[in-house]
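So the chains spell out like this:
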Amino acid sequence: MMIGEIIETMSTGFVAESFELNQPPALGSFVVVHAPSAGPSVELYAVVTNGRTVGVDPSRRPIRQSTAAVFDQAIYEHQPQLKHTLRTEFSAALVGWATEGRIRQHLPSRPPPLHFSVHTASEEQVQHFTHSLQYLRLLLQTVAEVSPLQVVAANVREVFERRDQDRDWLCQAAREIAILLKSDHEALLNVLQAIDPGEADPANSALARQSSAIAPDPSRRGSRP
Amino acid sequence: MKHERLGVVVEGTFSAGLTVRLDPGATTEQLRIGDFVVLEGQHNRYFSLISDIQLRVTDPRLLSDPPREGSSFIAQTLAGTTTFATVEVRPMLMLEKVDESSPSELLDRSVGPQAVKTIPMHFAALRQADELDFATVFGREGGKNFALGTPLSMDIPICLRLDRFVERSNGIFGQSGTGKSFLARLIISGVIQSKAAVNLIFDMHDEYSFDKQTEDKRWVKGLRQLFGPQVLIYSLDESLGRRAGRNVDVTLKVGLNQIEEADVVLLSEELNLRQTAEATIGLLHDTFHEQWLLRLLEMSPEELELFCQSSGAHPASVSSLQRNLKRLQRQDYVVKEASFSALDDMVEALDRGKHVILQFGRHNSVLDYVLVANLVTRRVRQRYEDKMRRYEETKEVADQPRTLMITIEEAHKFLNPAVARQTAFGTIAREMRKYNVILLVIDQRPSSIDPEVMSQLGTRVSGKLTEERDIDSVLTGVANRSALRGALESLDTRQQILIMGHAVPMPVTVRTRPFDQAFYAAIGARLQTPEQAGDDIQDLFGDE
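Protein sequences appear in the order of chains A and B. In the numbering used here, each residue's number is its place in the first sequence (first place is 1) plus 62. In the numbering used here, each residue's number is its place in the second sequence (first place is 1) plus 796.
Hints in this document: simulated from the structure, not taken from any laboratory. Computed from a predicted model, the values in this text were never measured in an experiment. C-beta atoms are modelled at their ideal positions from N, C-alpha and C, and glycine is treated no differently. Misleading hints may appear alongside valid ones.
Across the chosen pairs, the derived CB separations fall in these ranges [said to hold, decoys possible]:
#1 B:Phe919 to A:Val208: 36 to 42 Å
#2 B:His918 to A:Ala100: 54 to 60 Å
#3 A:Ser194 to B:Phe919: 20 to 26 Å
Some, not all, of what chain B presents toward chain A, calculated at C-beta under 8 Å [claimed, not checked]:
#4 Ser867
#5 Thr878
#6 Arg1309
Excised from the complex, chain A in its bound form (with noise of 0.2 Å):
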């Protein structure tokens, strides 16, 4: 699906501008830019790493619209104008590119061109791409404004729902992220906890039993002070 359209573009990422106000795609969702290629297409993969909504003139800070009646989403309606002086923008970081059905994790050569078009990524361009887990160094190596650490936590927890809330693929990430990491265990901490999904259900037993010989005994919690 076409969500934005570049304007601005370089080699590590670009930012578009999203045809929906305020509802830029999800931070750390992959998206899709298609592009233009002599020999086989070539599509390339980045992540969200930002959103924002400003006005489309720089120099006029947008001010409040709300009344006692009217606020939140019915300011839109009674407003329309709006919709032509605001405007909502997305950072997202190249992380890799695909072409005939191979898969590259790292920077393509020349960055996207200009004011083409960017689609979110559909479930089997994602399942496809993450097979590979490469590109989480990559991701975390990123400067913007949102921490790659959270970027990355939020990429994860994107991907696992789009996977079908695969667990093998939960903890491969998991463990990927702490090797990168393993210098850094604040960092590290941090990610796992955004990533957790929680106790594993009864299916999953097999995590259940790794991970209890791991964890402290429940059974012995209560004699700590």
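Starting from the known structure of chain A, arrange chain B on it as the hints suggest.
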């Protein structure tokens, strides 16, 4: 062949060993200090021991903030990634890799494992040793390879090379209750069966000849029952000869003329002798020569005074010596005068391939044991020395005396630092196999044995030891002590032993084989062949 990989080499030195990082799936609970593991290098296979296991973290901050009651998901993610284990591995032997398509060819090849001369590079894989590895290193059962037991976690034999075993004096150690005497019985059975050496066993507690009940209430057969007339039983106790089904071949007497100064000095503690005793005995010996003890014991007070006047001995010391030595005379087996013919016959029997067990019966005090064992051994060793000299003159194979293995229990009585230089055992232990006589030393306190003797022991077999000094003593002169120390401390009390030294290619922890029907069959089967019977007849009656 598929192996379970445990981890990869990440650092190390030739001198201190290699560090292996365990794979996330491998847990430290499946590894023990002293375990036999294999490192797969590019060109060589390294047979190694685990010497240490460490738990590590990539970020030290984790130590102060471990995942507490939080989610199992986090704990599971950290395990094997930011928290991991490393294993210190000591290569002991190496083997060049060849085509492994046919395992039998692999075992038959002439070049066996060599001493370690190189180490593998980074990322060489570590795995558990499998049956083929054990067979490659420890050989197959049969011939001079005697199966002593199995690895702790596998059911394949670990072999002791008996031909190498009898090249040096050896030791069996362990706390009491670790099965030293059963282990000795096992090894001696192997030595008898393979004819690697003849045995002289000083059986202080009457354990080796006939069946004996173990601590778990089973009856196990004695050597006489297993090997029949190949084993001769000598006894100090006449009453032993009268028991049904437990006949004794020879009852041994000790003559006062056979007891030498050194024997008495060795017994200083038991006989309560004073420090002046040695000098007094010297004076007695100067005057009466071989008859000194007999003459001393028969001296009347007047004769004693006369002797003191003529020799310059102190009358009080002589009379106290006389009093103390009368205890010797009171032993039933001590007679005024005995010839050495009984002992010389024993040496001849040994030379014909017989094995001798000397039972002490009710004379099983330390005094009896030390006196008789030392006296007998001294004579035997002298005869062996004569035989060896004759062999060196004639160079006839027939004249070469058979290797004799003398088994002594409570070895520290003969081999403690204070007396080791004076006893026949000390001499044998130090001069090694010069005269084809070796010792099998059995003791529960190896630390009380002279370190010089300990260092001469070729093969050491040890059950569990906990006393620091005993462990140090057993490991005297052994490379890679830290791994072996850990292994010794973690042995079970029963049926688990550590073997190291000359008769095994590398130290190994073994579950000893049970002394049961299967073992009797393995040993007895040889006796029933007609050729064997022919050999026995020849052994018994000589060549004529």
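These are the hints, each one checked on the structure:
no. : hint                             : result
1   : B:Phe919 to A:Val208: 36 to 42 Å : 38 Å, holds
2   : B:His918 to A:Ala100: 54 to 60 Å : 44 Å, violated
3   : A:Ser194 to B:Phe919: 20 to 26 Å : 22 Å, holds
4   : Ser867                           : 5 Å, holds
5   : Thr878                           : 5 Å, holds
6   : Arg1309                          : 35 Å, violated
Checked against the numbered hints given earlier, this structure breaks hints 2, 6; the rest are met.
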